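Visitor: This is what each chain is made of:
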Amino acid sequence: MIQSAVAGLVSGGAYAALGVCIVLVYRMVGVLNFAQAAIGAFGAYATFVLYENGVAYAPAVLLGAATGGAVAALLGYVMSTWFSESGPEVRSTVTIAALITLFAVAFRAFGDSPRSVPDPFSGAAFEVGGVAIGATGAVAIAGAGAIALAVGLGLRHTVTGVRLRALSERPTTAELVGIRARRLSIGVWAFAGAVSALAVLAIAPSRTSDFLGLGMLVVPALAAALIGLLRSLELAFLGGLAIGLIEGVAANFPSVSPYRQALPFFVIVTVLLWTERSEVWDARR
Amino acid sequence: MGAAVVLSVAAFVGSASGAGAGGVSGAAAAAGPIKVGAISSLTGPVPFPESSAAAKAVFDQVNATGGINGRKIKYIVADDKADPALAAQAARRLVDQDGVVGMAGSASLLECAVNAAFYKQKGVYAIQGTGVDPVCFNSPNISAVNTGPYLGTTAGLYFASEVLKDTKVCMIFYNIPGFESAVKQSVARWTAITGKELTYFDMSLGLADDPTPQIVKAKEKGCQAIVHNGLEAHAIVWGKALKAQGLTVHEIALTSAYTDKVAKELAQAGAEGIYANSEFEPYLSSSPALKDWRALMKKARVPQTSFAEGGYLAATFFVQALRTINGPITRKSVAAALLRLKPIKHPMVGSPYSFGRGSAHNPNRASKFVQVQNGRWVVVTPKWLVLPTA
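Line by line, the protein sequences are chains V and S. Those letters in the first sequence? Residues 1 to 285, by this note's numbering. Those letters in the second sequence? Residues 1 to 390, by this note's numbering.
In case anyone wonders, no lab produced these hints; they're calculated from the structure. Small disclaimer: the values here were computed from a predicted structure and weren't measured. All C-beta atoms, glycine included, are put in the ideal place defined by N, C-alpha and C. Warning: the hint list may mix true and false statements.
Stated by the list, open to error - Covered stretches of chain S, going by a simulated chain V footprint (3 or more residues, C-beta under 8 Å): (1) 194-206; (2) 213-219; (3) 233-242.
Please model the complete structure; the sequences and the hints are all you need to start from.
Guide: Next up, the structure:
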């Protein structure tokens, strides 16, 4: 049982990183980005294509992350140009449109057959409870944690962080006091896009990497973000790991196992019910 | 409009046969080409374009050497994009509008399941180039040339327990909706043949899941062999995951993993040793049985794959049935020819092909197993492994 849980951790690391990106974008620019994982997958596919064409792995990864960042920045540009005055519902809907567009573009650009994925750290790094955790998985978990921490600290203690927070709290006021709102928000998009590409690259070697499957990693990532109530980066990180653990443990129980892909939905509903309970109870009274 | 076409075709065929024995060749010329259909997933999530392309190469060659009694074969291939609605439409168009005399060389995820009842109703018979869904092996009107995933599964288990002599045989399958009961029957067939039971059986893996939790479980259970149904990309993920978990088991996959890419990728990752079932003479081998097939595929520029072998065989057998027909070639006479077809032995298949009047067909019961060694697939069972009937 513990072993299965540990086996799920690697996936959990990637969910966590994507969940952290979703929380970051939501907090800073007020958009629930349904296309977060697809943007990451796009960056990851760029890496695969470069690698297949003879580019060494390290520069390919950097360029892939840059591609993810660029795609996200483009979406951020669209958002700040045409939808800066729209409500969160409209903006989130735009990201769903972006998700569908990305699927369509990726099928055209990369084809629909799964890619073979390079795993630079193949082989086991260390063992936990009899389960070997590959270096890629370990890097994913540690990386996600580091990003959650660093971003959290950066928002609290750096000038850019303060500006970003001002921007997310009172966008118009922030702009009036001279904060370059648009540039900053596009920066947030680009950062989250690049990190997502790295997260997808970390999870890809252990999955059959077709674009649709990778893009739909957004479901567990959203569940992780919700565990952080779309506010706490640290909780989103822990939430991602927890979902990975739950999925791993579920493999142990034949009655639950076939429904593993639906577990994130269950987590989402539970979290929503729990956080909204007071509203329901208040309405009843 | 469809009905009108059928009526006029029927009237035409009727008048042609009414011309009498003396006028067969004249009537044949008047009847135009022999229309043969196929419905394949040429595009879509799981494409198999080689099967019907290979069948076309065979028909083209027959046409180039004079056709069937002077009549050319017109081969009409429809793409179902693995979409049931498109598969159903395609069958109606081919049968009702185009008036095909039969089907040969189809390869699709779901074509049989969608159209078997329609074929039965219309008296259309099909030689499937690559049968995938359970109905391909469970219909009186369809007889596939390949072993298929179900007998293939039984063959994989049989290979593990009887050839590799593993006592703890496990099976971890990707869950594909609609296939579950057929897969369970495959296991039951193995149990009936060998009297053995699986040590661990898991059918809950999603197509996009990480198999590591199941592999860890298999380790706990002490599995010596794991049979799985991964496609090309899955086989690569599996090889790496098994290596990462330090599990030295016999990994046995179905035909879908038997590709050049799998061998190369696994060699690169240092995760070799996977076995796969080849339902025909292994296409990556230099066997003389493949000489004619290889030359034709090269000439027609069809990629040489296992699917191309299936299409080639389906078309070859179909032509053989056509050649036995005396008199007009109609849907009815083609059906009769297929039903009375004597079992055909072919060097590319280990058991003779037959159609016959059974309510279900799965004539190909033979496998050759191949293994990745040094970046290449090597044949490890040079003799055909023919599944005994339970």
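Visitor: All hints are to be evaluated individually against the structure, with a verdict given for each.
Guide: Hint-by-hint comparison with the structure:
A count of 4 residues in the segment 194-206 of chain S with a Cβ less than 8 Å from any Cβ of chain V is obtained; the coverage claim is therefore met, three being the minimum. Coverage of the segment 213-219 of chain S by chain V holds [criterion: at least 3 residues with CB-CB distance below 8 Å; count 6]. Residues of the segment 233-242 of chain S lying with their CB closer than 8 Å to a CB of chain V number 6, which satisfies the three-residue condition for coverage.
In the structure shown, no violation is registered for any of the earlier numbered hints.
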